[in-house]
Amino acid sequence: DAMVIQNPRYQVTQFGKPVTLSCSQTLNHNVMYWYQQKSSQAPKLLFHYYDKDFNNEADTPDNFQSRRPNTSFCFLDIRSPGLGDAAMYLCATGVAGGWVQETQYFGPGTRLLVL
Amino acid sequence: QQQVKQSPQSLIVQKGGISIINCAYENTAFDYFPWYQQFPGKGPALLIAIRPDVSEKKEGRFTISFNKSAKQFSLHIMDSQPGDSATYFCAASMNSGYSTLTFGKGTMLLVSP
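Just so you know, the sequences run in chain order A and B. Using the numbering used here, the first residue of the first sequence is number 1, and each one after it goes up by one. Using the numbering used here, the first residue of the second sequence is number 1, and each one after it goes up by one.
Quick caveat, the hints were computed from the structure, so don't treat them as lab data. Since this is a predicted model, take the numbers as computed values, not measurements. Heads up, some of the hints might be wrong.
[Claimed, not checked] Not close to chain B: a few residues of chain A, all C-beta gaps over 10 Å, as computed:
hint, residue
1, Ala-42
2, Pro-69
3, Asp-77
4, Leu-90
5, Phe-106
[Unchecked claim] Now the stretches of chain B that chain A is said to cover, found in silico as 3 or more residues with beta-carbon under 8 Å:
hint, region
6, 24 to 30
7, 105 to 113
Here a beta-carbon is modelled for each residue, glycine too, at the ideal position from N, C-alpha and C.
The whole structure should be built from the sequences, with the hints applied where relevant.
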């Protein structure tokens, strides 16, 4: 089945220790998104890629970076995680093109714990 | 500035009852309104969506009602079941070539047996 896959599902890191979360998709969608979701809150968009074009939200901290080496994979790098970065990180995909409005398809998320 | 306001924050409904969640938006450029359902520990999943050219869309027990003049839309869950217990997010998107969702803050629904 076509899907959005996130690894790992749970990640524990130490304060200040870099961590990378990964996302892959078999949907062949050209847009990929990274969201941060804290408990009892809505997902907050961090950035997204339209093909290889990177779009950063204005309030996304510099501590968060992303890479998209190809259509299928996208990575979220947190350079120096703080306690406030503990959250669920959601990857989503979508289709761009013309006037066809497509929705976003979310992965299961990676729950990050910072000790 | 929150562009999509969702209410209530939480909702308890008896099994078989009707669950109603409301959203209001400010940006008249929005033209796509999906609802997402999220279970604990899972990613959001698209439940149902509507475009402003229709006032209602129904899929099974789930119905979206849309009022363009009032800039409001709502989700109705008929015959609510315990398995519907989840957090529901309304969202809105404008046609910018691809989806850029603005989410409401979510409603935690509990359907009691």
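Hint check:
1. Look at Ala-42 (chain A): its CB is around 4 Å from the nearest CB on chain B, not clear of 10 Å, so calling it non-interface is violated.
2. Against chain B, the non-interface label of Pro-69 (chain A) holds: every CB pair exceeds 10 Å, the least being about 20 Å.
3. Asp-77 (chain A), annotated as away from the interface, keeps every beta carbon of chain B farther than 10 Å; the closest lies near 20 Å.
4. Not every Cβ of chain B is farther than 10 Å from the Cβ of Leu-90 (chain A); the closest lies at roughly 5 Å, contradicting the non-interface assignment.
5. Non-interface call for Phe-106 (chain A) relative to chain B: violated, since the shortest CB-CB distance, roughly 4 Å, does not exceed 10 Å.
6. Coverage of a stretch by a chain is defined here by at least three residues with a beta carbon nearer than 8 Å to that chain's beta carbons; for the region 24 to 30 of chain B and chain A the count is 0, and the condition is violated.
7. By the rule of at least three residues with a Cβ nearer than 8 Å to a Cβ of chain A, the coverage given for the region 105 to 113 of chain B holds, with 3 such residues.
Checked against the numbered hints given earlier, the structure breaks hints 1, 4, 5 and 6 and satisfies all the rest.
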